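So the sequence lines, in the order shown, correspond to chains U and Y. Here the first sequence is numbered in the numbering used here, starting from 877 and rising by one per residue. Here the second sequence is numbered in the numbering used here, starting from 1090 and rising by one per residue.
Accuracy of the hints is not assured; some may be wrong.
[Stated by the list, open to error] 27 Å max Cα-Cα, derived BS3-like pairs, lysine-lysine:
| hint | chain 1 | residue 1 | chain 2 | residue 2 |
| --- | --- | --- | --- | --- |
| 1 | U | 968 | Y | 1416 |
| 2 | U | 1045 | Y | 1201 |
| 3 | Y | 1416 | Y | 1387 |
| 4 | U | 1045 | U | 1025 |
| 5 | Y | 1318 | Y | 1387 |
| 6 | Y | 1437 | Y | 1343 |
Simulated from the structure, these hints should not be mistaken for laboratory data. Everything numeric in this text was worked out from a predicted model, so none of it was measured.
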Amino acid sequence: MKKRISLLAHVINGIVALFFIFPFISALEFSLRGYGGVGHTFENYFWIIRQQDFSQAVSTSFKVTLLSAILVLVLVVPSVVHLHLTGYRYRKFIESLSLVPNLIPSVSLAVAVQFSMPNWMQVSYYELSFFNVLIAFPFVFRSLDSSLKSIPLRTLVEASNTLGGGWLKTLLLIIIPSVRAATIASVLITVALSLGEYTLATILHFQTIPTWAVNVSQENLYGSVSLSIGALFFSWMILVTVVFFPKLSQGIYRKFDKRYSI
Amino acid sequence: MTRGSAVKFSEVTRKFGKVVALENFSLEVEPGELVTLLGPSGCGKTTALRVLAGIDELHTGTVSINGEALTSVPAHRRNIGMVFQAYSLFPNMSVSENISYGLRMRGFNGRKRREKAGEMLELVQMSALADRMPAQLSGGQQQRVALARAIAIEPRVLLLDEPLSALDAQIRVQIRDEIRRIQKTLGITTIFVSHDQEEAMSISDRIGILNHGVLEQIDTPMSLYKNPKSNFVAEFVGLSNRVPGLIVANRTVKVLGQNLKVSTYSPRCSEGEEVYVLLRPESIVLSQENEYFRIISKSFLGSVTRFEIDGGIDQLLSVELGSDLAKDFNPGEFVGLFIRSNEVMVIKS
């Protein structure tokens, strides 16, 4: 009986794997086709790199992503910790509130936030970072929330305080290392979402990797698919890191921390 | 070597909404003294500790150490060591890193931190486990590390918030004795919070009894037990029998056929008034004269044996006798009772 269930599970897993892998392999094969669909070559990938706006789109995307990640670390992580310490009963409310940006149509969100931004920010592509943080917030919040619930946060903060640790030192030396897997996962999810965000960048007329890819597809379909494959591979690497990071980070963190402690 | 500091609470009041956790709480602790705050759950003992540590605010009153008012000093600048009830070791740090955390906050260099951590580990007999992570330690070991971490910073005052309550009985006694040994060695002023009377009696120079945020009495363990100054203290500290009595003259009560002097801390009662007399189990002696009372049960507790006696009142009387004397008395037998206290506490019925 056990063997039959195990066989059935393998068959189902195989079908699900094919469902995901088949389109990816097809797209990969398509991106490698030569001129006129004849033969296979890496020419389409080289073609992307040669394009004039490519480096600018990559640079914009990476700058926006970097700022998004910094905002998550500097604003969101301390805020969620603060919420756990001082407004624990409002957690459910904040959790529901965090979903709002995902429920509002992108156009409305873009217009509303655009008008609430100062003028100098409205013309800067860095404003996309604030949208990205909003979009990533439900995932970031849940990840941090469940991790913070699993540690005796208040006692740790109070213990650190009585030993001379102020708020910042307690946050950096005690809280974040205690929930480092969730913190790093939050940052990586934000990075993945920021790199793939298309709708708001288009509405606000900023050229990032996804918007550039759409423009390029009108000129070279093979090239745009190559770019999508590249972006997908990058995002996939990030997600793999998120999944395997808890074990990996432990070793790295211990090595890093030893330099600063006894 | 840490030198003790004088601690003073002056009319401290702390409220949580409508609940008054501490009300006009005043207490002075001498340098090097170990004072235990004892009381039932929710009586405000932990709040008093947290207010002194600066991790809880007070509404009125002041707290001071060596005359320096601490009200506006944040917790991380008070130099007070605290051991919490829940194991509060930092999970991302090893034992020695935990101990040296406070020193790191004070800017000590690596060599000094290592030296001090080694010293503390030796003091709590944990040198072999310096590199272990908290998750690899037992509860007792974790509390030892927490104690070492708290005293490594050479605090002006050490606060212990029920540090033994999560431990099993044997480890509890062991750590309790260790705390007392270390406290005496370092001469550090210590405030210990507990709801366990035996623990408080065995470890303290003085015990303060709290009830609904009010300090009912503070005294040495012996005085507290022998001369309780309120009904609450008399009933809370140690086991007490509540036996009906009658006031027969000014400050004289008749109980179980005997006339006894009423304690000066008892409420004023008039002649002919019916009262309850509080009698300690060891202040009642069994005798083979006037055998009116029946032994219901007998429990051997080691050096003493406890009897439950039907005294003809609504509850059974508890009587404790040295185990060597107790062998002459058995359940079902009738015995006489003799009260050997000079003074007894009475409460109005």
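- Message: Tell me the hint numbers this structure goes against, listed in increasing order.
- Response: The structure conflicts with hints 1, 5, although it agrees with all the remaining ones.
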